[in-house]
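Asks: Letter by letter, the chains look like this.
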Amino acid sequence: MTPRFDKLGVVIAAIVAYAAFFASFATFRANRIVPGEARSILEALPAAVGPLLLAIVVVAAMIALLKTPLVLRLVASVVALAALAILIGVAGTFLTPAGNTFARISPASGFWLLIFAFTLLLADVLTRLNLSPLARVGVLVVAALAIGLLLVSGQWDSLSILKEYANRADSFWAEGSKHITLALGSLAAAVIVGLPLGILCHRVERLRAGVLNVLNIVQTIPSIALFGLLIAPLGWVATHVPGAAALGIRGIGTAPAFVALFLYSLLPVVANTVVGLAGVPRAANDAARGMGMTDRQRLFGVEFPLAFPVILTGIRIVLVQNIGLATIAALIGGGGFGVFVFQGVGQTAMDLVLLGAVPTVALAFAAAIILDAVIEMTATKRRVETA
Amino acid sequence: MKAWLPSLLRLALVVLLVAFVTNPGWFEPLLKPLTENNAPAIYNQGSLLTLTLLHLRTVLIATVAATIVAVALAILVTRPAGAEFLPLSRSLVNIGQTFPPVAVLALAVPAVGFGEKPTLIALFLYGLLPIFENALTGLTTLPGNVMEAARGAGMTGWQRLIRVELPLSAPVILGGIRLSVVISLATATIGSTVAAKTLGEVIIAGLLSNNLAFVLQGGLIVAALAVLIYDGLSAIERYTARRMGQATGD
Numbered sequence: 001m002t003p004r005f006d007k008l009g010v011v012i013a014a015i016v017a018y019a020a021f022f023a024s025f026a027t028f029r030a031n032r033i034v035p036g037e038a039r040s041i042l043e044a045l046p047a048a049v050g051p052l053l054l055a056i057v058v059v060a061a062m063i064a065l066l067k068t069p070l071v072l073r074l075v076a077s078v079v080a081l082a083a084l085a086i087l088i089g090v091a092g093t094f095l096t097p098a099g100n101t102f103a104r105i106s107p108a109s110g111f112w113l114l115i116f117a118f119t120l121l122l123a124d125v126l127t128r129l130n131l132s133p134l135a136r137v138g139v140l141v142v143a144a145l146a147i148g149l150l151l152v153s154g155q156w157d158s159l160s161i162l163k164e165y166a167n168r169a170d171s172f173w174a175e176g177s178k179h180i181t182l183a184l185g186s187l188a189a190a191v192i193v194g195l196p197l198g199i200l201c202h203r204v205e206r207l208r209a210g211v212l213n214v215l216n217i218v219q220t221i222p223s224i225a226l227f228g229l230l231i232a233p234l235g236w237v238a239t240h241v242p243g244a245a246a247l248g249i250r251g252i253g254t255a256p257a258f259v260a261l262f263l264y265s266l267l268p269v270v271a272n273t274v275v276g277l278a279g280v281p282r283a284a285n286d287a288a289r290g291m292g293m294t295d296r297q298r299l300f301g302v303e304f305p306l307a308f309p310v311i312l313t314g315i316r317i318v319l320v321q322n323i324g325l326a327t328i329a330a331l332i333g334g335g336g337f338g339v340f341v342f343q344g345v346g347q348t349a350m351d352l353v354l355l356g357a358v359p360t361v362a363l364a365f366a367a368a369i370i371l372d373a374v375i376e377m378t379a380t381k382r383r384v385e386t387a
Numbered sequence: 001m002k003a004w005l006p007s008l009l010r011l012a013l014v015v016l017l018v019a020f021v022t023n024p025g026w027f028e029p030l031l032k033p034l035t036e037n038n039a040p041a042i043y044n045q046g047s048l049l050t051l052t053l054l055h056l057r058t059v060l061i062a063t064v065a066a067t068i069v070a071v072a073l074a075i076l077v078t079r080p081a082g083a084e085f086l087p088l089s090r091s092l093v094n095i096g097q098t099f100p101p102v103a104v105l106a107l108a109v110p111a112v113g114f115g116e117k118p119t120l121i122a123l124f125l126y127g128l129l130p131i132f133e134n135a136l137t138g139l140t141t142l143p144g145n146v147m148e149a150a151r152g153a154g155m156t157g158w159q160r161l162i163r164v165e166l167p168l169s170a171p172v173i174l175g176g177i178r179l180s181v182v183i184s185l186a187t188a189t190i191g192s193t194v195a196a197k198t199l200g201e202v203i204i205a206g207l208l209s210n211n212l213a214f215v216l217q218g219g220l221i222v223a224a225l226a227v228l229i230y231d232g233l234s235a236i237e238r239y240t241a242r243r244m245g246q247a248t249g250d
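Respectively, the protein sequence lines represent chains A and B.
Take the first sequence: its letters are residues 1 to 387, numbered as in this note's numbering.
Take the second sequence: its letters are residues 1 to 250, numbered as in this note's numbering.
I should point out that these hints are in silico values taken from the structure, not numbers from a laboratory.
Misleading hints may appear alongside valid ones.
Covered stretches of chain A, going by a simulated chain B footprint (3 or more residues, C-beta under 8 Å) [to be verified]:
#1 115 to 129
#2 223 to 230
#3 319 to 331
#4 342 to 355
#5 358 to 371
Distance ranges between label pairs, derived from CB positions [unchecked claim]:
#6 B/Lys32 to A/Val34: 42 to 48 Å
#7 A/Arg282 to B/Trp26: 22 to 28 Å
#8 B/Ile68 to A/Ile192: 40 to 46 Å
#9 B/Lys32 to A/Ala284: 55 to 61 Å
#10 B/Ile236 to A/Leu42: 54 to 60 Å
#11 B/Thr50 to A/Pro233: 25 to 31 Å
#12 A/Thr101 to B/Val18: 53 to 59 Å
#13 B/Ala195 to A/Leu140: 33 to 39 Å
#14 B/Ala39 to A/Thr101: 42 to 48 Å
Far from chain B, by Cβ distances over 10 Å, these chain A residues were calculated [stated by the list, open to error]:
#15 Leu42
#16 Val75
#17 Phe102
#18 Leu134
#19 Leu149
#20 Arg289
For each residue, glycine too, the CB sits at the ideal point set by N, CA and C.
Put together the whole structure using the sequences plus the hints.
Replies: What follows is the structure, encoded as structure tokens:
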């Protein structure tokens, strides 16, 4: 009997073969900004460990290549990812010359490709397992805990990105909280303004097209331009309205970033509120009217709960988009993780770029998974209740 | 609102935009009040026209490449041979959308260096997602009876794809391209932080030298381009949708 190949497995095995045997696993640099020297898996790890890692990735790739049970594929991807995560730290310690504080070790293309290949396998398994929303959040929490544990244990301390972090620990958390405040604050403001506006647009048909058109145009204005354009009016407000400057409203900084993110957030919130309310079944509304519910009771008791999943979808779009866009706030002095990205680009220090980019991607990714799960749960709950 | 008013506004915007990038000197008195300490009111480290054209070229190259790859991928995963990849490609698109464009741009620099290349890569990758998603939606939600009829008429898989599936999903795919172009126009401005020649250069020069006139002119040109291109592509989309509607209605 000839073994049957998994189509995706062929792709994964090809990536793994290239990454493990031909690409470099880690990069060694004598200091922060000089070009690096490549190190393969066998060169980057202690004598016994290198072959062990090679064996693990080859076996895991074989499991991916052949048609194997889902559980086995799950175990293979998790073991391979865990081994890679732990051993890149070992490589960092192994490659750093004793007592040298200038040398920088960072993961290289081979490492990233291996991570990509096995994440692909894991994503495929998780997609095919068709997990319930709660289980997906559970997987996210376990993954976050595992990464947190590795960070706290100091396993990765010898890696370049964490050396950048060690130099900037205070500002990292300060910029991080600014980033989250910007993203969540502008979302909250957009919900507070956008929900009533959406309800109004739903009730008053003449308003609908006009409001949505204006918000659509705002959405097409590029972020960097909108951030820049808001500098002028807010600067004017700061100098001409008494008390505004004392409130922290200034031409540059957090204020224009906040207003820009708020303006971008409005369209998805308003549009989804309108779509959600329009999708409420006529029968539900008629029944509510027949029961003698007032307009207000109908809105909060019937229309709103039924439209909730659609509105949540709008909020998900806004949150993921805002977490990404908040990086640009750094360009106008608004803070956030973008500060590290742009500093890193300016100094051609890629580890610094990663220090800003990785938490941003992680935040956006976590927000997307959690909100997707919440949306699915509220949507199924409605279906069960209305059925 | 009168029916001709939007068209008139659009025409006025086009005229204004062309006049501004070709003869920015005419508008100097308007922008002068925004500058301080006698700073120049019009961007003087390069021609606005050249930057506008380079900006559009970057977006065009990235969008064409993204369209070809995204549509090809969408076709692949909707054929029987590639059906196995469909659920995974959906999750990947979802994951990909959580990557902020700035991060993609910054991470492309170590691989290809500064300049236009990282910008093209970021625009390409970021432009892929909306087009792929829309192409997938278009190709998987074709009316069943039309597909049955095509099969019944004896069309091969290839003929069905070229003559039925792609034309019918064209409006939805165009919608994806429109989204992608608007995102790319914005992201291209950020490309100037890694030394790409785009209109972002004007905005960033303004941010660095605290010259509001620069920020305003760079921002307004990009915004006008985005609104006009968005409108233009929407019109093409409506036109193809109408044609497809008639074609299936006959």
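Asks: Going back to the hint list, which numbers does this structure go against?
Replies: 7
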